[in-house]
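Below are the chains, spelled out letter by letter.
2 protein chains.
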Amino acid sequence: MAKKMNMVIAQSGGPSMVINESLVGAVLEARKSAKIGKILGAKHGILGILGNDYIDLKKVSPKKLMAIAETPSSALGSCRKKPNADDCKAIFEEFKKLDVGYFFYIGGNDSADAARIVAEEAEKANYPLVVYHIPKTIDNDLRSCDHTPGFGSAARFVASAIKGDDLDNRALGGVKIDIIMGRDAGFLTAASCLARNAEDDGPHLIYLPEVPFTLEKFEKDVEWAMKKYGRCVCAISEGIRDEKGESIGAKFAGGEKDSHGNVQMSGTGALGDYLAKHLKSTGKVTRVRADTFGYLQRSFPGVASKVDQAEAFAAGQAAVVAALKGELTKGTIAIVREEAKKYKVAFAPVPIQNAAKFTRSVPKEYIAKNGRDVTPKFVEYVKPLVGELPKCEIF
Amino acid sequence: MAKKMNMVIAQSGGPSMVINESLVGAVLEARKSAKIGKILGAKHGILGILGNDYIDLKKVSPKKLMAIAETPSSALGSCRKKPNADDCKAIFEEFKKLDVGYFFYIGGNDSADAARIVAEEAEKANYPLVVYHIPKTIDNDLRSCDHTPGFGSAARFVASAIKGDDLDNRALGGVKIDIIMGRDAGFLTAASCLARNAEDDGPHLIYLPEVPFTLEKFEKDVEWAMKKYGRCVCAISEGIRDEKGESIGAKFAGGEKDSHGNVQMSGTGALGDYLAKHLKSTGKVTRVRADTFGYLQRSFPGVASKVDQAEAFAAGQAAVVAALKGELTKGTIAIVREEAKKYKVAFAPVPIQNAAKFTRSVPKEYIAKNGRDVTPKFVEYVKPLVGELPKCEIF
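Order-wise, the sequence lines are chains A and B. So the first sequence is numbered by numbering that gives the first Met the number 0: it starts at 0 and just counts up by one. So the second sequence is numbered by numbering that gives the first Met the number 0: it starts at 0 and just counts up by one.
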């Protein structure tokens, strides 16, 4: 693509604490290139393209951009729309008018799939378009990445929250249930393990969607923890499933679905309340409390992981570099951890399909055999992504 | 009290992010005095005294103590026990054996009342005991204090959380309900106002227990906000009451009570879910989510307000200074804001009754006439207690 073309960038899916780092990384990289003309930020993902609603990102000062980079949530706004053929047709008409040759879409697997659809439809329509997906998801479930931008910061929030909550539980005792985001993958819940320091620190029980959850096992596990520690902090994924593989939380969540077919799970405390009520009903424990960490996990300002921030920025830059290189015209940025003693990653352009639609789960080697914990191997995996937590001291 | 006597210090009630500052402030001050012999930290409040369970706080290094000061939750453990005459008799037997002449109890109004009971029973029993309550409560509802240690840090968490959540709501829209701690007083919910910066920043609606809450008014207010802002973030106290003054949340909370007669409110998402379900049932709004901030408000590490930390430490010191002075033998530390342009407070010993049992509510001058917001006067009151929030930038 020798001719100077304009670019559109947008954000999609659930916000994260560092999705704006990727936006700004891409924008500042694009501003360096003579091949790129206008840099248009579409508001609310492809809805902004369909509604002709843009911010001219060449007109925003670098200082303001850097402040936006450090701000949680999606500064351009987001959406959960899966484009159909008609949408794509409208998008290309719009792109043609605006001379758009580059399209960047920052998001998770559904957003990668949306970008894939746009890319494939563009090919069918003979519209010349370089499409890059930039990875983002607190769920850490993209198949193309060792870990995803957004995960480290959400994990840092979760580990900090469990750390504080464990101290709270030390003071007043009983059973504390904490429900953590992650519809299909348990990575974020698993990261609660980083709250541990002393031998008797919580979380004492960790439940992931990858391990069938039964009330019977839960009761027994709580009994074990109460006997061993005299108290019990449980980190439980909102996505836990029964032995038939059916989501337990979805039954309480009202059945709302987005256009990718995902059931809404967060934004309700029902699963935690159900589990707490059940434990109380056994009569074996008296003080039981449940908290659902909810949207704070992806939006709380001031707790982002520095490593995550830097990587999200770099992923945005890498997408623009790859798009300009032009070898791969429908890509996503893979994050690859290099085999070395010191933590180090590389950013590699790979086909967009690698990130789209299907997700990955927590691998078996990261799940303890007792089904209620993670392995030391997982701790090793997740630690460098999160950074040091605030120091806490006990007697 | 010329003779060298030993002292007991303990923590009671709900933990906070800075209650250990008060503990360490008192302990380090006591360590300076030749009048005080042993410094015993009773574990889990008066339960530790009754169970003869102490930590020798003279043996803990200042370095470790300072690290504990910065750690959230009650490092000695807590309890919610109201002592009766028999408990007091047992306490004095224990104190006599241990040569205890000073007793410090860090907590809220119920803990002040427990300390008052101990002090009055000691007088009846002719047991010479100086008793000081050290103020702590995230609820900010002690009558003896302009504001209470613990409140500023919890308010900082709440304002930060609402700030991030408002950014999240900007991205995906709809109505967001956030349930905030405070059974009787709405100070913490009111502090959510500090999340506002831009004209259209949330919270757009703020509901306190001090203003009767009806579903009809709530619906109308949400409609107003949706029309004005196209979205709506609501900060709602867990303690909101209906027109008869009855708690709405208590109906869903299972009816658990502590020995002071307080109904358990936190540790459940039921109120938020109820309000969200109701809003959805009206059919006027589609995307409605509810989060209950829960115990993170009082325990999250790394977000404490610096002013709050310093004041909590100073309140602990002031109690020991006053106890040693001996003019007032049954006291609490009042925090008085001095009338000056620059924020400044004084710590004054006052009779323990001033903090005990009865609480204060958010004064009328802090509540907006429309019943869904706070006044600029409240913003002025609360701002210096919380400090600057992390910078956030929007397009």
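Derived from the structure by calculation, the hints contain no laboratory data. Hints may contain errors.
The list cannot tell twin chains apart, which means a pair is met if one copy fits it or any two copies do.
[As the list claims (entries may be wrong)] With a straight-line Cα cutoff of 27 Å, these simulated DSS-like cross-link-like pairs (lysine-lysine) come out:
| # | residue 1 | residue 2 |
| --- | --- | --- |
| 1 | 57 | 250 |
| 2 | 283 | 329 |
| 3 | 57 | 216 |
| 4 | 63 | 279 |
| 5 | 329 | 340 |
| 6 | 226 | 80 |
| 7 | 276 | 324 |
| 8 | 382 | 243 |
| 9 | 226 | 250 |
| 10 | 324 | 80 |
| 11 | 81 | 279 |
| 12 | 276 | 250 |
In this text the structure is predicted, and so the values were computed from the model without any measurement.
Hints violated by the structure (listed by number, smallest first): 1, 2, 3, 4, 5, 7, 8, 9, 10
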